[in-house]
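K.L.:
Read off the chains here:
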Amino acid sequence: MNTLTTKTVRVEALARVEGEGAFYVKVREGKVEDAQLRIYEPPRFFEAFLRGRSYAEAPDITARICGICPVAYQMSAVHAMEAIFGVRVEGPLRELRRLLYCGEWIESHALHMFMLHAPDFLGYADAIQMAADHPDLVLQALRIKKVGNDIVALLGGREIHPINVRVGGFYHIPKRREWSRIVEELKWARDAMAELVKWTGLLPFPEFEQPYEFVALRHPEEYPFNEGRLVSNRGLDIPISAFEEFMVEEHLPHSTSLHAHIKDRGAYFVGPLARYNLNFDRLSPPVQEAARAAGLGPTCNNPFQSIIVRGVETLYAIDEALRILEDYPEPDAPYVQYEVRGGVGHGCTEAPRGILYHRYVLDDNGVIVSARITPPTAQNQATIEADLRAFVEPRVHLPLNELTWQCEQAIRNYDPCISCSTHFLRLNIERV
Amino acid sequence: MATQRKPRLAVWKFASCDGCQLSLLDCEEELLAVVEQVEIAYFLEASRAVVEGPYDLSLVEGSITTPADIERIREIREASRFLVAIGACATAGGIQALRNFGDVREFAAAVYAHPEYIETLKRSAPIAEHVFVDFELRGCPINKHQLLEVIAAYLHGRKPNIPTYSVCIECKLRGTPCVMVAAGVACLGPVTQAGCHALCPAYGRGCFGCYGPMETPNTASLMTWWREQLGASPQTIVRALRTYNAGNEVFRKESEAYEHAHD
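Read top to bottom, the protein sequences are chains B and U. Position one of the first sequence corresponds to residue 42 (the numbering used here), numbered consecutively onward. Position one of the second sequence corresponds to residue 4 (the numbering used here), numbered consecutively onward.
One should not assume that every hint holds.
Claimed, not checked - Computed spacing ranges between beta-carbons, pair by pair:
id	chain 1	residue 1	chain 2	residue 2	range
1	B	D322	U	H263	31 to 41 Å
2	B	R364	U	G178	30 to 40 Å
3	B	P176	U	K256	45 to 55 Å
4	U	H263	B	E74	49 to 59 Å
5	U	G160	B	P176	46 to 56 Å
6	U	E78	B	V385	43 to 53 Å
7	B	D177	U	S224	21 to 31 Å
8	B	P176	U	E42	50 to 60 Å
9	U	K256	B	E443	50 to 60 Å
10	U	G207	B	E290	16 to 26 Å
What the hints assert, rightly or not - Far from chain U by the CB rule (all over 12 Å, computed), these chain B residues:
id	residue
11	R51
12	A182
13	L183
14	K186
15	R231
16	D368
17	A412
Honestly, the hints are just simulated from the structure, not real lab data. Positions of the beta carbon are idealized from the N, C-alpha and C atoms, including for glycine.
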């Protein structure tokens with residue numbers, strides 16, 4: 042009997058996540074003793090070598106933390122710098138920044154939903170195997186992903202590590218006529234995605250809900266990308282500049298990522314589920330209707346259903362991109378003027394996987410004196426480990442292969458980005 | 004020939020941002036055609052299925068930064084018929100090679116509360132510093148069309164057709180006026196290898212060297228021009244040369260020439 046209830050589940054190199062990590066769960070007599078999400082991605086020391094660099098280099102350098110969500114890094118960096126210089130980017134330039142983020146959400150969510158997460162629900166090792174049985178699904182997903190990438194490539198210059206973002210705005214504004222093919226593709230993607238959201242609602246979801254504290258940006262009018270206050274479902278409501286007063290990071294031996302928690306409260310949850318639960322009323326009525334049609338209420342506490350929420354957010358991003366491109370007011374100048382000065386600046390924007398916080402201290406010449414970057418996956422790491430504990434115990438009787446795969450799926454719910462957080466994953470389930 | 008199997012492709016990752024291997028998944032229109040030609044035998048970002056080696060073609064992303072990396076890259080080399088290093092991390096050490104100019108223990112202490120938990124080498128090194136590399140594909144990130152060319156070349160047993168001329172040639176091909184001559188914008192294009200289709204000048208900014216030095220660059224001459232014609236400070240020059248390809252010998256040496264200079 043002991044051989045069934047006492048085991049170790051161990052995955053040395055977790056697949057279909059961005060970056061390298063592992064997990065380890067130790068079960069003794071049916072009880073989980075230890076659950077670790079191990080981030081062994083080698084440290085790259087971005088905060089250290091940003092010191093001495095010009096403020097103007099931060100968007101390009103920090104983009105290199107993550108090839109999946111470079112736009113998020115660029116947006117958090119430029120907003121932090123603009124806070125120091127006391128400059129606000131409004132009007133058409135602000136709209137174009139939202140458009141760029143729409144592109145990244147569409148591309149990143151489509152990648153995660155269909156290439157990384159959906160194969161788990163359907164029992165395939167990867168999307169390529171899935172494509173053999175479901176070719177139309179994979180082809181549609183790739184086409185949606187491509188329109189997201191096309192937005193980033195036109196407005197950002199290229200899909201990965203865009204070159205067109207600068208403090209104050211952009212280097213160059215594409216002409217209205219250059220967008221015509223993308224607008225047509227977005228119109229196709231709008232209908233295709235609405236059907237795919239319904240499809241995600243029909244996937245088999247395990248019963249799994251936990252008492253999470255969700256944290257996301259909240260803006261007075263919009264579903265959040267670049268601006269807002271940090272709020273939670275347990276009363277947190279702070280300006281982004283107070284992030285470090287409330288969120289604490291701890292360095293644990295099993296990880297090259299830093300574990301974050303809310304001071305005196307514990308683990309919290311960032312990303313699509315958090316944004317959705319805290320901002321459902323900011324979605325447009327047709328997108329809310331699409332969520333309801335897929336079986337979601339105004340809140341969702343099952344992280345396995347994050348695939349539906351990503352679909353809803355993708356639909357929102359497609360609509361928002363179409364709205365912006367409909368007007369497409371070309372700005373008078375590609376960027377607003379500012380005067381360089383010293384100070385402390387904070388940037389916090391909604392990367393596809395959750396809030397990404399930057400803080401810089403600049404000297405009077407605009408040279409970076411210190412930098413702090415807290416990526417979404419580091420903030421989710423403690424919650425992922427808590428999920429593993431809660432998830433494994435009632436399923437400890439499962440054959441090791443099956444349990445391992447289900448644990449991997451539980452981790453992939455978070456779309457963890459390990460490259461980002463190393464500053465992440467190996468699965469070990471140890472049954473001793 | 005009756006027992007011919009599909010060539011096995013493996014994708015490996017060391018210290019990096021995942022962007023270069025993502026380029027393969029970003030081949031939205033070509034991906035399914037690629038997997039008709041090759042067996043994806045190891046590609047963790049995309050699949051939990053792992054096929055044992057040996058592999059016909061290994062694509063390696065990232066730089067070598069830990070003692071365990073050195074062992075792993077040797078094992079990968081032994082298991083691979085051809086090994087191609089992809090991206091600035093794998094070909095020059097990447098942005099994390101900025102540690103090569105500083106003190107890595109101090110860097111660890113600046114980022115981590117317990118630097119003693121961190122196992123890291125003093126230098127971030129390109130793959131070729133540790134094992135024989137059959138081909139180096141440059142870029143931060145790589146160009147996905149160049150990646151498809153490299154895969155196709157190895158599948159057909161020929162040399163990849165990747166130009167080693169400068170970004171200037173691409174500006175001329177694209178019809179972009181020279182940003183340095185016309186607008187006085189500092190540009191690394193004259194010494195940087197092509198591959199991006201001269202993207203930055205087309206967007207009105209100077210090239211910042213994502214693809215590393217071209218074949219036989221005259222970096223000293225360009226930097227003199229930056230100093231004399233554009234009034235660039237030594238500090239500006241050092242920073243410009245020390246980004247994603249800071250670990251490349253050409254850019255490193257030229258940056259050292261200005262490291263202790265003053266205006």
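K.L.:
Checking each numbered hint in turn, tell me which of them this model violates, lowest number first.
P.N.:
Numbers 1, 5, 7, 8, 10, 12, 13, 14, 17 - these are the hints that the structure violates, sorted from lowest upward.
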